[in-house]
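Q: Each chain, letter by letter, is given below.
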Amino acid sequence: AQKITQTQPGMFVQEKEAVTLDCTYDTSDPSYGLFWYKQPSSGEMIFLIYQGSYDQQNATEGRYSLNFQKARKSANLVISASQLGDSAMYFCAMREGPTGGGNKLTFGTGTQLKVEL
Amino acid sequence: GAVVSQHPSWVICKSGTSVKIECRSLDFQATTMFWYRQFPKQSLMLMATSNEGSKATYEQGVEKDKFLINHASLTLSTLTVTSAHPEDSSFYICSAIGGGQPQHFGDGTRLSIL
Chain A
1 AQKITQTQPG MFVQEKEAVT LDCTYDTSDP SYGLFWYKQP SSGEMIFLIY QGSYDQQNAT
61 EGRYSLNFQK ARKSANLVIS ASQLGDSAMY FCAMREGPTG GGNKLTFGTG TQLKVEL
Chain B
1 GAVVSQHPSW VICKSGTSVK IECRSLDFQA TTMFWYRQFP KQSLMLMATS NEGSKATYEQ
61 GVEKDKFLIN HASLTLSTLT VTSAHPEDSS FYICSAIGGG QPQHFGDGTR LSIL
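In the order they appear, the protein sequences are chains A and B.
Numbering of the first sequence is given in the numbering used here, commencing with residue 1 and proceeding in unit increments.
Numbering of the second sequence is given in the numbering used here, commencing with residue 1 and proceeding in unit increments.
It is worth saying that the hints were derived from the structure and are not from the lab.
Every value quoted in this text rests on a predicted model; they were computed, and no experiment measured them.
One or more of the hints may lead you astray.
Claimed, not checked - For each label pair, taking beta carbons as the anchor points, the in silico distance ranges come out as: (1) 99(A) / 45(B): 18 to 26 Å; (2) 30(A) / 59(B): 42 to 50 Å; (3) 71(A) / 66(B): 28 to 36 Å; (4) 97(A) / 82(B): 30 to 38 Å.
What the hints assert, rightly or not - To spell it out: a stretch of chain A is covered by chain B in this simulated footprint if at least three of its residues, at any positions, have a beta carbon under 8 Å from a beta carbon of chain B; those stretches are: (5) 59 to 66; (6) 103 to 110.
As the list claims (entries may be wrong) - These stretches of chain B come out as covered by chain A in the derived footprint (C-beta under 8 Å, 3 or more residues): (7) 65 to 75; (8) 86 to 96.
Glycine residues also receive a C-beta, built at the ideal position from the N, C-alpha and C atoms.
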C-alpha cells in the first residue's frame, strides 16, 4: 500500500483564490510527521509546512495551512490568495517515528499546481 | 535559516566516467544526510541514508558499488556515480537533518551522461 497518496496530478487555480492540495497517508506508527514541499521548475525543494502527529492544532505558515484530520489520515495543504509564483510541483511527505530519529521521508507522487490570471 | 549546498548544479559527462556530487550543510551539523533520485515529472526516490562516520544504508534495488556515498564529516556527504552510463542520467538531490531542524534540501544536480 502507498504510504503517501496524492490523488491530484494537476490543479488549476485563479490568482487570489484559495486552493487545497490533497494528501492522505498510511502508517501504524503513533509518532510521525507530515511535510509539504514546493518544487519549482528549477528543481530545488522548498520546505513549506510541518505537522506532527501529536500536534493539537493545525499548522500554519503565512499563506500556507495544513488541514490535519488525524482520524481520516489526511493532511491537505491549503494555499490562500494564490499568486503566480505559487505555480510549481507540490509534494506531501511523511516521516515515521519521532523527530530526531534520523528517519527518512516518504514522498507522494506530487501535484502540479498552475496559477492562472 | 538552515542551508544545504549541493555542487555541481549541472554536469554533462561521457559514458564511463565517474561523477562526484557534494552536499554540504552550511550552518548546522548534519547527523544524517539523504540522497534522492528524481526522474522527470516523478517523485523523489530515496537512494540511501548516510550517517556521519558510518556506512550508508542503501534502499532496495540501489547498487551500492555504483553509487558510492561518503559522509566523512558532519557537514559534508558525497555521492559518486561510478562508470556512469546514459541510464544514470537523472536529477540527484540531497537533504540533511540535524539539530532539530526539518529536513532541508540542496538545490539538486542535473546529471546528463552522453
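Q: Each hint: holds or not?
A: Outcome of the hint check:
{"no.": "1", "hint": "99(A) / 45(B): 18 to 26 Å", "in the structure": "holds, 23 Å"}
{"no.": "2", "hint": "30(A) / 59(B): 42 to 50 Å", "in the structure": "violated, 24 Å"}
{"no.": "3", "hint": "71(A) / 66(B): 28 to 36 Å", "in the structure": "violated, 43 Å"}
{"no.": "4", "hint": "97(A) / 82(B): 30 to 38 Å", "in the structure": "holds, 32 Å"}
{"no.": "5", "hint": "59 to 66", "in the structure": "violated (count 0)"}
{"no.": "6", "hint": "103 to 110", "in the structure": "holds (count 7)"}
{"no.": "7", "hint": "65 to 75", "in the structure": "violated (count 0)"}
{"no.": "8", "hint": "86 to 96", "in the structure": "holds (count 3)"}
Hint violations for this structure: numbers 2, 3, 5 and 7, all remaining hints satisfied.
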